[in-house]
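Enquirer: Sequence:
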Amino acid sequence: MAGQGKAPAMEKKTLRMAVIDNNVLACRGLQGLLQRLIPIGVIDTFDSHEALLENHPNQYAHFFVSARLYFEHAPFYRQRPFQTIVLTNGENLPPVPGLLMLNVCRPEEEVVTDLLQLHSHGHGHGQHRPRASRAELEALWNNHNEEEHQPLTLREIEVATLLAKGLINKEVADRLNISMTTVITHRKNIMTKLGAHSLSDIIIYVVMNGYLDLGE
Numbered sequence: 580m581a582g583q584g585k586a587p588a589m590e591k592k593t594l595r596m597a598v599i600d601n602n603v604l605a606c607r608g609l610q611g612l613l614q615r616l617i618p619i620g621v622i623d624t625f626d627s628h629e630a631l632l633e634n635h636p637n638q639y640a641h642f643f644v645s646a647r648l649y650f651e652h653a654p655f656y657r658q659r660p661f662q663t664i665v666l667t668n669g670e671n672l673p674p675v676p677g678l679l680m681l682n683v684c685r686p687e688e689e690v691v692t693d694l695l696q697l698h699s700h701g702h703g704h705g706q707h708r709p710r711a712s713r714a715e716l717e718a719l720w721n722n723h724n725e726e727e728h729q730p731l732t733l734r735e736i737e738v739a740t741l742l743a744k745g746l747i748n749k750e751v752a753d754r755l756n757i758s759m760t761t762v763i764t765h766r767k768n769i770m771t772k773l774g775a776h777s778l779s780d781i782i783i784y785v786v787m788n789g790y791l792d793l794g795e
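With my numbering applied, the sequence shown corresponds to residues 580 to 795, in that order.
It should be emphasised that the hints constitute simulated quantities derived from the structure, not laboratory data.
Every value quoted in this text rests on a predicted model; they were computed, and no experiment measured them.
Keep in mind that a hint or two might mislead.
As the list claims (entries may be wrong) - Cut-off 30 Å, straight-line C-alpha distance, at most; resulting in silico cross-link-like pairs (DSS-like, lysine-lysine): (1) Lys767 x Lys744; (2) Lys749 x Lys767; (3) Lys772 x Lys744; (4) Lys772 x Lys749.
Claimed, not checked - Pairwise CB distance ranges (calculated): (5) Pro730 x Asn601: 25 to 31 Å; (6) Arg615 x Gln729: 30 to 36 Å; (7) Leu755 x Pro686: 21 to 27 Å; (8) Pro660 x Tyr790: 30 to 36 Å; (9) Val621 x Gly789: 23 to 29 Å; (10) Thr760 x Asn602: 17 to 23 Å; (11) Pro686 x Thr764: 22 to 28 Å; (12) Asn668 x Lys767: 32 to 38 Å; (13) Arg754 x Arg657: 44 to 50 Å; (14) Pro660 x Arg595: 34 to 40 Å; (15) Met759 x Arg595: 40 to 46 Å; (16) Asn637 x Asp753: 49 to 55 Å; (17) Leu604 x Leu733: 39 to 45 Å.
The beta-carbon is built from N, C-alpha and C at its ideal position, and this holds for glycine as well.
Working from the sequences, and respecting the hints, build out all of it.
Expert: Here it is, written out as structure tokens:
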């Protein structure tokens, strides 16, 4: 009598994103930022639209594409308006209804904030929302980090939230009525507990854990 076969294991869903830009350094920079934002996501880079087409583009939840390549291959990307984010370098592009844009020619913290806003405002709502919703992003982030992070104290959460809002150390000290030395100590502890490398990582943690509403 044949033995009963084991049920196949469920395949884990992988969030895949593509960065398409002729500028290889720009591709790698955004790839690293997205990898930190979504640690278990897969971010592939392409230096041309043709290279993307050769790699089964339908597998990607999002396309981060340079403005020049977007307009050169507009028919492809306009069929995917809720998956496509156009990368600009501060250019004054003509307004295009429904076009999602990200100005990458700014400090890293501002780019991170805009990325989070894209997913929390209008980029994960409605009948035609993209395959990667805000809830999915939060699950990806939290599932990856829940065992790695030491819990922050209430005071550290307060400090982290104010830092994420853009306050400098002195402003945080004034707001919480503590010394700047204490703020610096809290900041070091926060960075250590979160395994953070920059303020961008603190912003991501604060937003993903619901301590800061980007609409405030």
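Enquirer: Look at each hint and say if it fits the structure.
Expert: We went through each hint and held it up to the structure:
The straight-line distance between the Cα atoms of Lys767 and Lys744 is roughly 17 Å, inside the 30 Å bound, and the hint therefore holds. This hinted pair checks out: Lys749 and Lys767 have alpha carbons roughly 15 Å apart, not beyond 30 Å. A hinted pair counts as satisfied when its Cα atoms are at most 30 Å apart, and Lys772 with Lys744 qualifies at roughly 20 Å. Pair hint Lys772 plus Lys749 holds up; C-alpha atoms about 22 Å apart against a cutoff of 30 Å.
For Pro730 paired with Asn601, a C-beta distance near 44 Å fails the hint of 25 to 31 Å. Arg615 and Gln729 have their C-beta atoms about 18 Å apart, which leaves the hinted 30 to 36 Å range violated. For Leu755 and Pro686, the Cβ-Cβ distance of about 24 Å falls inside the hinted range of 21 to 27 Å, so the restraint holds. Between Pro660 and Tyr790, the C-beta spacing of about 31 Å keeps the proposed range 30 to 36 Å intact.
Between Val621 and Gly789 the beta carbons are some 26 Å apart, a value that agrees with the proposed interval 23 to 29 Å. Our hint of 17 to 23 Å for Thr760 and Asn602 is violated, since their Cβ atoms are close to 42 Å apart. Look at Pro686 against Thr764: about 25 Å separates their beta carbons, and that is inside 22 to 28 Å. Distance hint check for Asn668 and Lys767: the Cβ-Cβ separation is about 34 Å, which falls inside the suggested range of 32 to 38 Å.
A beta carbon spacing of about 45 Å between Arg754 and Arg657 agrees with the range 44 to 50 Å that was offered as a hint. Under the hint 34 to 40 Å, the C-beta atoms of Pro660 and Arg595, about 18 Å apart, miss the expected range. Our hint of 40 to 46 Å for Met759 and Arg595 holds, since their Cβ atoms are close to 43 Å apart. Here the CB-CB span from Asn637 to Asp753 is close to 52 Å, well matched to the stated 49 to 55 Å.
At about 41 Å, the beta-carbon gap between Leu604 and Leu733 stays in the expected band of 39 to 45 Å.
Comparing the model with each earlier hint shows violations of hints 5, 6, 10, 14; every other hint is respected.
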